[in-house]
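J.: Chains as they are written, first to last, in the working numbering: chain D, 1 to 92; chain S, 93 to 633.
Mixed in with the good hints there might be a few duds.
[Unchecked claim] Derived BS3-like pairs: lysine-lysine, alpha-carbon spacing no greater than 25 Å straight-line:
hint	chain 1	residue 1	chain 2	residue 2
1	S	K405	S	K328
2	D	K6	S	K522
3	S	K471	S	K204
4	S	K328	D	K11
5	S	K132	S	K216
6	D	K6	D	K16
7	S	K405	S	K492
8	S	K522	D	K11
9	S	K471	S	K132
10	S	K204	S	K364
11	D	K11	S	K364
12	D	K82	S	K364
13	S	K216	S	K204
14	S	K405	S	K204
15	S	K216	S	K461
16	D	K16	S	K328
17	S	K461	S	K471
18	D	K6	S	K364
19	D	K82	D	K6
20	S	K492	S	K216
21	D	K16	S	K130
22	D	K11	D	K82
23	D	K16	D	K82
24	S	K471	S	K130
FYI, nobody ran anything at the bench for these hints, they're computed from the structure.
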Amino acid sequence: MHGNSKDEALKALAAKRWRVAGALTVAMLVAYLGFILLVAFNRPLMGHQFVPGLSVGIVLGALTILFAWVLTGVYMSWANRKYDSALDALRR
Amino acid sequence: MNPTTPGTRIGQPNTTAIVFFLLFVSITLAITYWAARKTKTTSEFFAAGGGISAGQNGFALAGDFMSAASFLGIAGLVATSGFDGLIYSVGWLVGWPVVTFLIAEPLRNLGKYTFADVVAYRLKQTPVRLSAAVGTLTVVVFYLIAQMVGAGNLIRLLFGLSYETAVVIVGAVMILYVLFGGMIATTWVQIVKAVLLLGGATALAVAVLWQFGFSPSALFSEAVNRYGPEALAPGKLVSNPLETVSLGLALMFGTAGLPHILMRFYTVPNAKAARTSVFYATGLIGFFYLVTFILGFGASVLVGRQAIVGVDKGGNMAAPMLAEALGGTGFLGFISAVSFATILAVVAGLTLSGAAALSHDLWSSVVRKGHAPEAEQLKVARLASLALGILAIILGVIFKNQNVAFMVGLAFAIAASANFPALLLSMLWKGFTTRGAVASMLTGSISAVVLIVLSPTVQVELLGNASALFPLKNPGLVTIPLSFVVGWVVSLLAPEAEAAARFAEVEHRMHVGAGVAPPVTVPAGVAGAVPPGVPEAPQEV
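Just need the whole structure built from these sequences, with the hints factored in.
T.: Structure follows, in structure tokens:
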């Protein structure tokens, strides 16, 4: 009985990890494909300089790189704090 | 600010560069000597005994990924065409979050040395490992050829050595690292190289920005004054939007299928260290690409596009020429030595992952059905490393004067279509079967190779034909979905009850690790201690 509820809880936790991972993957894909599609289909916008020397394309590219790192950080801090401690509690 | 025209010492023997390089090689060989005494088991040979910390592995992952192609190539692309270089940088980075979210932890919890451990976990060992080895070895060989040919050509320009000498030096030193020091030495070579590369590139970028009052926009403005506003807008690279998307997908999912990257997740003690190490790696690589972007613009303004293209058509000498313009021969020597070291470290990592496929997947699991004694496994692993090293030297010499740039794209396309779909399906889908896995991996490898052969890169640029049967240079857009669909359909056609029945076990272990005892903390700094979480490869089902 106890084993069963523990199994259920583990399953739920695993499903939750996949949901978080999936949502973050989609966020990354959307940002990246958004950048690529803008590059491919809206060249004038990407070349527009809103400050001399800084074009929309350069800023968006740098932001995509930064975004990728921030997303990784968000996942890591969620997993290190919430997921791992929940997992440890279940393993006991 | 006038462009510094010729007077460059590039192409002549450069004593400073050679001294720096010898220094790097002696330090890393000392590391190898130290590591060799710690490398007594297969776990130590392939996975450094799981004793690498998250921070160390973050640097090593970054080191594995920051190849000379991405440093010199992207700097050159930015220098000669401006913004387009950033498209590559972004594409090469966004695979990392995907690796963190989907791959790193399950891989660490389920596998032992190779990604085939994960795919084969609940499936039939022999067919799965055979087809996984096909994918791995194809990726490794193409990537190796690209690196070796790159090494030969770069070293000829940077050090004034002959092409063949360069290839033999790279091959021989790499064999020493892998053969004697295994993963422990390879990891430390990566760390030393990553620190030098990041440090050198950053110093160079600071020197560039100094000239522009530390304002990147002032630097970019100067490029606009000289080359027009096109420098800051998408250019030739994106003449075909589908092409851009296809390349993007291959870069994104290819990272999650590169065998030498995946192998790094077995060097850390647990899933937490695995995910943390990718976070560090992503930050380091992202920073590196932004720095490279500054270097490219710096070179186009301070050295000048004409001078750069005059030395090397591909623009690969942009960063070294910038170093020479700003810091003289000494700095040129340093950057040249770091580029050489970079190639050395990347080929060592590649060779080790190829050796793992040959000895762990093919010999120990397929030929000996998991019954090979430890000493024999280690011997086969060393023989495989030696053979791959010699093969790399031979291929490097054979492909001299060939344009091999497409091989890196090919390696990513195969990794993305052969390895990634099978890996993901095996972790996520209960209904995945042995036949589905084999079909998916073989479809991915074969379709990627065939479509590249039919692509404009090979048909038009290499063979000089007027047109190509397949319109895209990178096949990812077709081959990645194809591999998923084939794996799915073939699995549905003939369900495998046993594989489905064992999925619960996979699921449990994927999240919990070995999942019997509560986590036992391994004392920090005990390299070579096998943590309790290291699973054994499952026996033949």
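J.: Determine for every hint whether it applies to the structure shown.
T.: Cross-check of the supplied hints:
Taking the CA atoms of K405 of chain S and K328 of chain S, the gap is near 16 Å; set against the 25 Å cutoff, the hint holds. At roughly 21 Å between alpha-carbon atoms, K6 of chain D and K522 of chain S fall within 25 Å of each other, so this suggested pair holds. Distance check on the hinted pair: K471 of chain S and K204 of chain S sit about 18 Å apart at the alpha-carbon level, within 25 Å; holds. Distance restraint check for K328 of chain S and K11 of chain D: the Cα-Cα separation of roughly 50 Å exceeds the 25 Å cut-off, and the hinted pair is therefore not satisfied.
For the given pair, K132 of chain S sits about 30 Å from K216 of chain S by alpha-carbon distance, which is inconsistent with the 25 Å threshold. Between the alpha carbons of K6 of chain D and K16 of chain D the distance comes to roughly 15 Å, so the proposed pair stays at or under 25 Å and holds. With a C-alpha separation of about 16 Å, the suggested pairing of K405 of chain S with K492 of chain S holds against the 25 Å cut-off. Of the supplied pair hints, the one linking K522 of chain S and K11 of chain D holds, its CA atoms being roughly 14 Å apart against a limit of 25 Å.
Taken as a hint, the K471 of chain S and K132 of chain S pair is honoured in the structure, with Cα atoms around 10 Å apart against an allowance of 25 Å. Restraint check for K204 of chain S and K364 of chain S: satisfied, since their Cα atoms lie roughly 16 Å apart, inside the 25 Å limit. Only pairs whose Cα atoms come within 25 Å are accepted, and K11 of chain D paired with K364 of chain S is accepted, the gap being roughly 19 Å. A hinted pair counts as satisfied when its Cα atoms are at most 25 Å apart, and K82 of chain D with K364 of chain S qualifies at roughly 12 Å.
The suggested pairing of K216 of chain S with K204 of chain S holds, with an alpha-carbon distance near 17 Å, which does not exceed 25 Å. For the hint pairing K405 of chain S with K204 of chain S, the CA-to-CA distance comes to about 44 Å; that exceeds 25 Å, so the pair is violated. With a C-alpha separation of about 11 Å, the suggested pairing of K216 of chain S with K461 of chain S holds against the 25 Å cut-off. Between K16 of chain D and K328 of chain S, the direct Cα distance comes to roughly 43 Å. Violation of the 25 Å bound is thereby established for this hinted pair.
For the given pair, K461 of chain S sits about 17 Å from K471 of chain S by alpha-carbon distance, which is consistent with the 25 Å threshold. For a cut-off of 25 Å, the pair hint linking K6 of chain D to K364 of chain S stands: about 22 Å separates their Cα positions. About 17 Å separates the Cα atoms of K82 of chain D and K6 of chain D, which keeps this hinted pair within 25 Å; it holds. Restraint check for K492 of chain S and K216 of chain S: the C-alpha separation of about 41 Å exceeds 25 Å, so the hint is violated.
Note on K16 of chain D and K130 of chain S: the hinted pairing is violated, with a Cα-Cα distance of about 40 Å set against a maximum of 25 Å. Our distance criterion of 25 Å between C-alpha atoms is met by K11 of chain D and K82 of chain D, whose separation comes to about 16 Å. Taken as a hint, the K16 of chain D and K82 of chain D pair is honoured in the structure, with Cα atoms around 11 Å apart against an allowance of 25 Å. At roughly 16 Å between alpha-carbon atoms, K471 of chain S and K130 of chain S fall within 25 Å of each other, so this suggested pair holds.
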